[in-house]
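Peer 1: Chain by chain, the residues run as shown.
2 protein chains.
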Amino acid sequence: MSENNEIEMELPFDSSAITSTEVLDRVNALLTLQDTQNELTEQMEKEILEIEKKYLKKFQPLAEKRFEIVSGKVEPTKEDQQCKAPIQVENLKSVPTDKGIPKFWLHVLQNTEVKDIIEECDIEALEYLVDIKIVQVGDAQDYSLDFHFSENPFFTNTVISKTVKLEEDNELNEIVSTPINWKDGKNFTVQSKKKTVKSKPTKGKAATTTSTTVQEVVPCFFSTFVSPNQDPTSDEEADEIMYIQYQIIAKLKDIVIPEAVNFFLGRASDAEENDYDFGEDFEDEEGEDDDEEDDEEEQTIKKPSGKGKAQPQQPQDCKQQ
Amino acid sequence: MSENNEIEMELPFDSSAITSTEVLDRVNALLTLQDTQNELTEQMEKEILEIEKKYLKKFQPLAEKRFEIVSGKVEPTKEDQQCKAPIQVENLKSVPTDKGIPKFWLHVLQNTEVKDIIEECDIEALEYLVDIKIVQVGDAQDYSLDFHFSENPFFTNTVISKTVKLEEDNELNEIVSTPINWKDGKNFTVQSKKKTVKSKPTKGKAATTTSTTVQEVVPCFFSTFVSPNQDPTSDEEADEIMYIQYQIIAKLKDIVIPEAVNFFLGRASDAEENDYDFGEDFEDEEGEDDDEEDDEEEQTIKKPSGKGKAQPQQPQDCKQQ
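Quick mapping for you: the protein sequence lines, in order, are chains A and B. Under full-length UniProt numbering, the first residue of the first sequence is numbered 1, with each subsequent residue one higher. Under full-length UniProt numbering, the first residue of the second sequence is numbered 1, with each subsequent residue one higher.
Same shape as in the complex, but just chain A (with noise of 0.2 Å):
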């Protein structure tokens, strides 16, 4: 208790608007009733909690159905398909060797901005890609998201697990993923080049070239999130690496797992809305009209700058397209 005092007592502040003592102890008795307001609001977010956990109890079976048909391991009845809503395809012929929904979580990712990542080399590994599953770690709000592969010609691991652990506060504190065991000669996330190194000639030395052979990363999907550099050469490095790997979790547990059909149909969008610059209005009063370009949904997936909050949101619906 008192040590949270002392952190609270450092937060500087602006004193310009405390004109007199009086005015002093009214601001006193404001945060006084913030404290109140504060108990208020974290006993309100402990009951969300619990009726979010309540729902991804019941959200769970929808999951396993899910990865039974996409797997092709359970084959839906007549029944399963009385969906609101069917879809219609015309021209469609009956191939009885097609297992399950291939290539589906392939299709899903590539509707969704994480498809800027996705380089040539990832593709035929995301084709193994049956399932990714959201899975609660312990009592607090850690969770994982498992990403489960079938035998496939590049790496052993069957489930490749993205584990965030969160502070008590929500702070993200870390994210541990499973190192990944590639198979000889497949990982494709590194590439051998040649370095040809020409030394400086020195007394009686004439120069000489050496060449060595280094081992670059390939950016791509899997270098950059699945099983990013566990090895960063500064905080700043570790950070942004922590980041970036955040954000694509945060997008796919609260707006493509949880819709990844319409994902895989195209209709779904995880698009970041546009920002509107203040500025840029007043300057309109004259100028041209810019709606159109206001209306380009940027590709970018946001970034918390320094230790950013990692407030756990709800599973929202998403904007159909």
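Keep in mind that a hint or two might mislead.
BS3-like mimics (lysine-lysine), calculated; alpha carbons at most 30 Å apart, straight line [to be verified]:
no.	chain 1	residue 1	chain 2	residue 2
1	A	LYS253	B	LYS54
2	B	LYS46	A	LYS165
3	B	LYS253	A	LYS46
4	A	LYS46	B	LYS53
5	A	LYS53	B	LYS193
6	B	LYS253	A	LYS253
7	A	LYS251	A	LYS73
8	B	LYS198	B	LYS183
9	B	LYS253	A	LYS251
Since the hints were made in silico from the structure, they are not lab data.
Following the hints, position chain B against chain A.
Peer 2: Okay, now just chain B, sitting in the frame of chain A:
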């Protein structure tokens, strides 16, 4: 129900990943699961809304007490000032004539992003702003922000309400503002300008110049937000006006009003966090470190493109600077 189905039927989708009638059947089975998931999500959101309403009732007496202290109606006791982390200011004098906390809400607003649209002409009027109340309207999710003003030289209103009306699915429908009853010659949001019009010389007539007086809008907080143009010339302009207002209202309601004292003290922030661009990351590999640029907070207000979803946010703790 059937009407709803028709709407869902119309959603365009990309069928390229559906390779056979077997796959189509399985996709329709996933859509059945999605229907169930959507119903559960709707139930969950209702339960969360109930909790938020319950706490809103608990927050209201605190807001009322704050108003009484800020306006000087009530003098807090020593007991009232026993907050967890009282602030101290050195070298303050006693000014027994100080009433309440002078210019409290002006200082609050000036420490938010809204400051970008507060101009010189707004400031004197905002000194009379004595409270901003969040009021639930009707049984649905509609609400209004009520701006309370003490007697002032500019207008006769004591309350200017901005009411947000949502549709059943949470889409923003309309924002209704109380018209301002300006006192004679005190409307600082418009200025008269003489405009000289030169007519072209025509047959037998020399060019003549006539001057007319036109009313021009002065861009400021009152003209942009409090009492915007009620007579937009196009749907796009109407949408634009609505969304600028909505962004400010949402910020005030969810972030600023619940923690006004910390904004007054300049130690809370309502700044949007940074966008992180994936593409940029790849370029960085060989580029310079641009961490510092990334950390700059952008002074922007988010504007949904088209008819955006107005998801009510739960009150959130503000980042302490």
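Peer 1: Determine for every hint whether it applies to the structure shown.
Peer 2: So, going through the hints one by one against the coordinates:
1. LYS253(A) with LYS54(B): holds (28 Å)
2. LYS46(B) with LYS165(A): holds (29 Å)
3. LYS253(B) with LYS46(A): holds (21 Å)
4. LYS46(A) with LYS53(B): Measuring from Cα to Cα gives roughly 15 Å; hence the hint holds.
5. LYS53(A) with LYS193(B): With a Cα-Cα distance of about 61 Å, the restraint between LYS53(A) and LYS193(B) is violated, given a limit of 30 Å.
6. LYS253(B) with LYS253(A): holds (27 Å)
7. LYS251(A) with LYS73(A): holds (27 Å)
8. LYS198(B) with LYS183(B): Given that 30 Å is the threshold and the Cα spacing comes to 35 Å, the pair is violated.
9. LYS253(B) with LYS251(A): Since the Cα atoms of LYS253(B) and LYS251(A) sit roughly 25 Å apart, the hinted pair holds (cutoff 30 Å).
The structure shown violates the earlier hints numbered 5, 8.
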